[in-house]
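Asks: First to last, the protein sequences are chains A and B. Using our numbering, you'd call the opening residue of the first sequence number 1026 and step up by one each time. Using our numbering, you'd call the opening residue of the second sequence number 90 and step up by one each time.
These are computed hints drawn from the structure, not numbers from a lab. Glycine included, every Cβ here is placed at the ideal spot set by N, Cα and C. There may be inaccurate statements among the hints.
[Stated by the list, open to error] Listed below are the simulated DSBU-like cross-link pairs for lysine-lysine, each with C-alpha atoms no more than 35 Å apart in a straight line:
no., chain 1, residue 1, chain 2, residue 2
1, B, Lys150, A, Lys1101
2, B, Lys123, A, Lys1036
3, A, Lys1225, B, Lys150
4, B, Lys150, A, Lys1179
[As the list claims (entries may be wrong)] Which stretches of chain A does chain B cover? Using the computed rule of at least three CB atoms under 8 Å from a CB of chain B, they are:
no., region
5, 1080-1086
6, 1131-1145
[What the hints assert, rightly or not] So, partial list: chain A residues that the calculated Cβ filter (under 7 Å) puts toward chain B:
no., residue
7, Val1051
8, Thr1096
9, Asn1099
10, Ser1119
11, Ser1149
12, Asn1152
13, Ile1171
14, Leu1197
15, Leu1198
16, Phe1200
17, Trp1205
18, Ala1215
19, Tyr1220
20, Ile1221
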Amino acid sequence: MGIGYAAIAIKGGLNPFETVGMSILVYAGAGQIIAASMIVNGATIINIVLTSFVVNFRYFIMNTVVFNKVTESNTKLNILSAHFVVDECFALFSLMDESSIWTYLGVSIIPYLSWVLGAIIGVSVLNMLPVIVTNSFNISLYALFIAILIPNLKRSKTITLMVIITGILNYLLQFVIGNWSLIVATLIGAIIGTYIVDDKELDLEVEKEIINQGTVKEENHE
Amino acid sequence: MNNIILLIVLIAIVTFIPRLIPAIFVNKLDFGVKAKKFLNLLPFTALAALICPGVLTVDTKIWYVGLVGAVLAGVLSWKKVPLGAIVIITVTALIIFYTIIGFLL
């Protein structure tokens, strides 16, 4: 996934230094890929920044859960570890019996390092590949999105309905408001979702999805 | 170039602030059930909006290239193929697909 991000970032015109720098400074898996693909599509800065804020806002919830659980900590240590929350370490730490801040730092630093390393490998390998291969890499991002979505759609009819509504909405809105349709459709889709999505299905799915992503990611790093 | 560095810094800031606030104000934050549900649904709708219609612009000249890749990725995911394998197989399939079209056109 880190390598896939690097492929899109390079295509968006970022140099290798900027590509890896973004992984270090921003550290948001899907959020970075979204930002990079918006750069490819030539979206405005304000548009990209606002979309990043909305998409990455879930870390607010995750850190609320994490820091409510953490023991043996103080505000300084909390601030130090705040940057490292992502879906994987959030899921792991929420399910663990341990609650020390040091355990959390240990659990969260590993995905961080492998994400940065993935970007470094990405930018070094991509320079050596022929054009037809890098062109085909365009699909990697969508393959990833689809692979994340399908297991959830398979289990929940109401999430499927919400996803289809959002897709159609985005398709229609782009003719009216251009690149802004992404953020508008995302927000409206989720608002509709709060009314139509089955609560039981959502709770199960989110947890399962996070756990699955964690194990898949570990396999990838071997 | 400077624009890109500015952009990265801005994205870093708007990503870090929501991470930072709970670290400082522990135990003072609580959400309603509806707000939590809304925030949990955002990643799904964001992905949906990214796929449709973006996947049709994978190749700006031949629109169905993206559709072929998307259908393949969907089928593989339905068959529970691991995430990393789906990406590798789909990319490989497109390289083959491009080579075949190259001969036909």
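Asks: Are the Cα positions of Lys123 (chain B) and Lys1036 (chain A) separated by 35 Å at most?
Replies: violated (39 Å)
Asks: How about Thr1096 (chain A): closest beta carbon in chain B under 7 Å, or not?
Replies: violated (11 Å)
Asks: Against chain B, run the beta carbon of Ile1221 (chain A) and see if the smallest gap drops under 7 Å.
Replies: violated (10 Å)
Asks: Take the shortest C-beta to C-beta distance between Ser1119 (chain A) and chain B; is it under 7 Å?
Replies: At about 14 Å, which exceeds the 7 Å cut-off, the nearest Cβ of chain B leaves the hint on Ser1119 (chain A) violated.
Asks: Tell me if the interface restraint on Asn1099 (chain A) is satisfied: Cβ within less than 7 Å of some Cβ in chain B.
Replies: violated (10 Å)
Asks: For the hint on Ser1149 (chain A), does the least C-beta distance to chain B fall short of 7 Å?
Replies: Because about 18 Å separates Ser1149 (chain A) from the closest Cβ in chain B, which is outside the 7 Å limit, the hint is violated.
Asks: Does Lys150 (chain B) pair with Lys1179 (chain A) here, judged by a C-alpha cut-off of 35 Å?
Replies: Between Lys150 (chain B) and Lys1179 (chain A) the Cα gap is close to 32 Å, so the pair holds against 35 Å.
Asks: Would you settle whether the hint for Trp1205 (chain A) is holds or violated, based on the nearest Cβ-Cβ distance to chain B being less than 7 Å?
Replies: With a minimum Cβ separation of about 11 Å from chain B (threshold 7 Å), the hint on Trp1205 (chain A) is violated.
Asks: With a cut-off of 7 Å, does the beta carbon of Ala1215 (chain A) approach a beta carbon of chain B closely enough for the hint to hold?
Replies: holds (4 Å)
Asks: Check the hint pairing Lys1225 (chain A) with Lys150 (chain B) against an upper bound of 35 Å on the C-alpha distance.
Replies: violated (44 Å)
Asks: Given as covered by chain B, does the region 1080-1086 of chain A meet the bar of three residues or more with CB within less than 8 Å?
Replies: holds (count 7)
Asks: Closer than 7 Å between Cβ atoms is the bar; does Tyr1220 (chain A) clear it against chain B? Give me holds or violated.
Replies: Violated - the Cβ of Tyr1220 (chain A) stays beyond 7 Å from chain B, reaching only about 9 Å at its closest.
Checked against the numbered hints given earlier, the structure breaks hints 1, 2, 3, 6, 8, 9, 10, 11, 12, 14, 15, 16, 17, 19, 20 and satisfies all the rest.
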